[in-house]
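Trainee: Okay, here's what each chain looks like letter by letter:
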Amino acid sequence: MPAEHTASAPAGPPWRLALGRSFERGRKFLWFLLINILPLYVASDLLVTSGALAKVSGFLEPVMSLWGLPPEAAAVLMAGMLVNLYAATAVAAPLALSWQQISVLGLILGIAHSLIIEAVVVRQLTPRYHALTLLRIVLGLGAGWLLALVLC
Amino acid sequence: MLPGAALKGLVLCAELALVVLPLIVGYEMAKAYGVFQRPWKRLRPALAMIGLGPGGLVPLLAGIFLGLLYGAGILVSVSREEGLAESERLALAVFLVTCHAVVEDTALFVILGGSAFWILAPRLVMALGLTAWLARRGRSRN
Numbered sequence: 009m010p011a012e013h014t015a016s017a018p019a020g021p022p023w024r025l026a027l028g029r030s031f032e033r034g035r036k037f038l039w040f041l042l043i044n045i046l047p048l049y050v051a052s053d054l055l056v057t058s059g060a061l062a063k064v065s066g067f068l069e070p071v072m073s074l075w076g077l078p079p080e081a082a083a084v085l086m087a088g089m090l091v092n093l094y095a096a097t098a099v100a101a102p103l104a105l106s107w108q109q110i111s112v113l114g115l116i117l118g119i120a121h122s123l124i125i126e127a128v129v130v131r132q133l134t135p136r137y138h139a140l141t142l143l144r145i146v147l148g149l150g151a152g153w154l155l156a157l158v159l160c
Numbered sequence: 011m012l013p014g015a016a017l018k019g020l021v022l023c024a025e026l027a028l029v030v031l032p033l034i035v036g037y038e039m040a041k042a043y044g045v046f047q048r049p050w051k052r053l054r055p056a057l058a059m060i061g062l063g064p065g066g067l068v069p070l071l072a073g074i075f076l077g078l079l080y081g082a083g084i085l086v087s088v089s090r091e092e093g094l095a096e097s098e099r100l101a102l103a104v105f106l107v108t109c110h111a112v113v114e115d116t117a118l119f120v121i122l123g124g125s126a127f128w129i130l131a132p133r134l135v136m137a138l139g140l141t142a143w144l145a146r147r148g149r150s151r152n
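Residue numbers (our numbering), protein chains in the order written: chain A, 9 to 160; chain B, 11 to 152.
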């Protein structure tokens with residue numbers, strides 16, 4: 009059955025087809041970085057260096073300190089949960105976080121990211137996708153809290 | 011301020027590209043040579059422990075390595091073709107929402123300076139623990 013894919017495609021060794029597809033996807037990925045991630049990084053960098061992000065997010069300090077994170081990291085969590093991990097990376101990079109803080113963010117967001125778009129895929133597997141999305145948020149924040157206790 | 015930010019942003023993009031582009035080639039090669047289609051028999055007992063039959067291996071591997079979005083094609087179509095039971099699909103979903111795209115997602119935060127171990131190991135442990143618990147609960151009910 010696996011042979012069906014190659015039978016309909018133009019003849020060639022599998023590695024060549026794979027390279028062709030990689031090239032196509034790689035090109036799209038580079039484009040995605042330049043169009044989406046670069047502007048997001050620049051915006052984040054400007055908001056961080058001007059102190060605007062710290063001012064706006066200051067009130068979150070008691071909450072974010074649960075995870076050993078500065079209040080500005082709330083923007084990283086939002087970007088990761090609602091958009092994707094590349095967006096989270098672009099927002100987090102200018103923040104000058106310690107490796108422990110990056111690890112906590114990586115663990116929380118590794119579990120709970122791209123929640124809206126990935127729920128569409130999970131829905132194909134199980135009708136309980138709402139509960140699973142909630143599970144991701146709870147597990148992610150819970151695990152991140154424990155990790156912060158361990159590392160910080 | 012702006013040119014500096016743009017330059018640093020380009021450096022970040024270059025770092026991301028350096029990590030992700032080889033991963034893309036790796037995925038495509040593995041896919042072209044049918045790595046995700048091999049029914050590895052030795053893994054069956056382990057699969058049973060987390061509530062999956064042999065048909066669940068390919069979608070599980072696709073999700074773990076390719077992620078929910080890139081792996082969606084394999085994940086959804088194979089779980090339909092193999093006629094996975096509802097409990098298996100739930101096990102698959104629970105495992106994968108906790109732990110998927112392990113290479114790419116971990117790499118992104120390692121680029122920023124995070125610890126690969128602390129980002130990945132807890133997710134794996136939780137995914138295995140949750141699905142094993144679900145499977146045990148399912149067995150004791152029947």
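Among the hints, erroneous ones may be present.
Stated by the list, open to error - To give an idea of the chain A side of the interface with chain B (calculated C-beta under 7 angstroms), a few residues:
1) Ala26
2) Gly34
3) Arg35
4) Tyr49
5) Ser73
6) Ala127
7) Val130
8) Gln132
9) Leu133
Stated by the list, open to error - Pairwise CB distance ranges (calculated):
10) A:Gly66 x B:Ala95: 34 to 40 angstroms
11) A:Met86 x B:Glu25: 32 to 38 angstroms
12) A:Val71 x B:Ala95: 30 to 36 angstroms
13) A:Glu69 x B:Ala142: 36 to 42 angstroms
14) B:Ala16 x A:Ala104: 15 to 21 angstroms
15) A:Ser58 x B:Lys51: 31 to 37 angstroms
16) A:Pro22 x B:Leu12: 43 to 49 angstroms
17) B:Val135 x A:Cys160: 16 to 22 angstroms
18) B:Ala142 x A:Gly150: 17 to 23 angstroms
19) B:Ala142 x A:Arg136: 31 to 37 angstroms
As the list claims (entries may be wrong) - Listed below are several chain A residues computed to face chain B (Cβ distance under 10 angstroms; list not exhaustive):
20) Trp23
21) Ser65
22) Thr134
The set of hints was computed from the structure by calculation and includes no laboratory data. Remember, predicted model here, so these are calculated numbers, not experimental data. Glycine is no exception: its CB is placed at the ideal position from the N, C-alpha and C atoms.
Trainee: Against chain B, with CB atoms and a cut of 7 angstroms, does the hint on Gln132 (chain A) hold up?
Mentor: holds, 4 angstroms
Trainee: Tell me if Ala26 (chain A) is really an interface residue toward chain B, meaning its C-beta lies closer than 7 angstroms to one of theirs.
Mentor: Holds. Min distance 4 angstroms.
Trainee: Have a go at the Tyr49 (chain A) hint: is there a Cβ in chain B nearer than 7 angstroms to its own Cβ?
Mentor: holds, 4 angstroms
Trainee: Looking only at beta-carbon atoms, does the pair Pro22 (chain A), Leu12 (chain B) fall within the given range of 43 to 49 angstroms?
Mentor: For Pro22 (chain A) and Leu12 (chain B) the Cβ distance comes to about 46 angstroms; the hint holds.
Trainee: Going by Cβ atoms only, is Val130 (chain A) closer than 7 angstroms to chain B?
Mentor: Holds, because the Cβ-Cβ distance from Val130 (chain A) to chain B comes to roughly 5 angstroms (cut-off 7 angstroms).
Trainee: Take the C-beta atom of Ala142 (chain B) and the C-beta atom of Gly150 (chain A), compute their distance, and say whether it sits inside 17 to 23 angstroms.
Mentor: Once the Cβ atoms are compared, 18 angstroms apart, the range 17 to 23 angstroms for Gly150 (chain A) and Ala142 (chain B) holds.
Trainee: Holds or violated: Gly34 (chain A) as interface residue toward chain B, Cβ cutoff 7 angstroms?
Mentor: Since the shortest Cβ distance to chain B is 5 angstroms, the answer is holds.
Trainee: Return holds or violated for the Cβ distance of Glu69 (chain A) and Ala142 (chain B) against the range 36 to 42 angstroms.
Mentor: holds, 38 angstroms
Trainee: Holds or violated: 34 to 40 angstroms for the Cβ distance of Gly66 (chain A) and Ala95 (chain B)?
Mentor: Given about 51 angstroms between the Cβ atoms, the range is violated.
Trainee: I want to verify a distance hint. Is the separation of the beta carbons of Ser58 (chain A) and Lys51 (chain B) within 31 to 37 angstroms?
Mentor: violated, 59 angstroms
Trainee: Mind checking the hinted window 30 to 36 angstroms against the Cβ distance between Val71 (chain A) and Ala95 (chain B)?
Mentor: Given about 41 angstroms between the Cβ atoms, the range is violated.
Trainee: Under the criterion of a CB-CB separation shorter than 7 angstroms, is Ala127 (chain A) in contact with chain B as hinted?
Mentor: violated, 9 angstroms
Hint violations for this structure: numbers 3, 5, 6, 10, 11, 12, 15, 19 and 21, all remaining hints satisfied.
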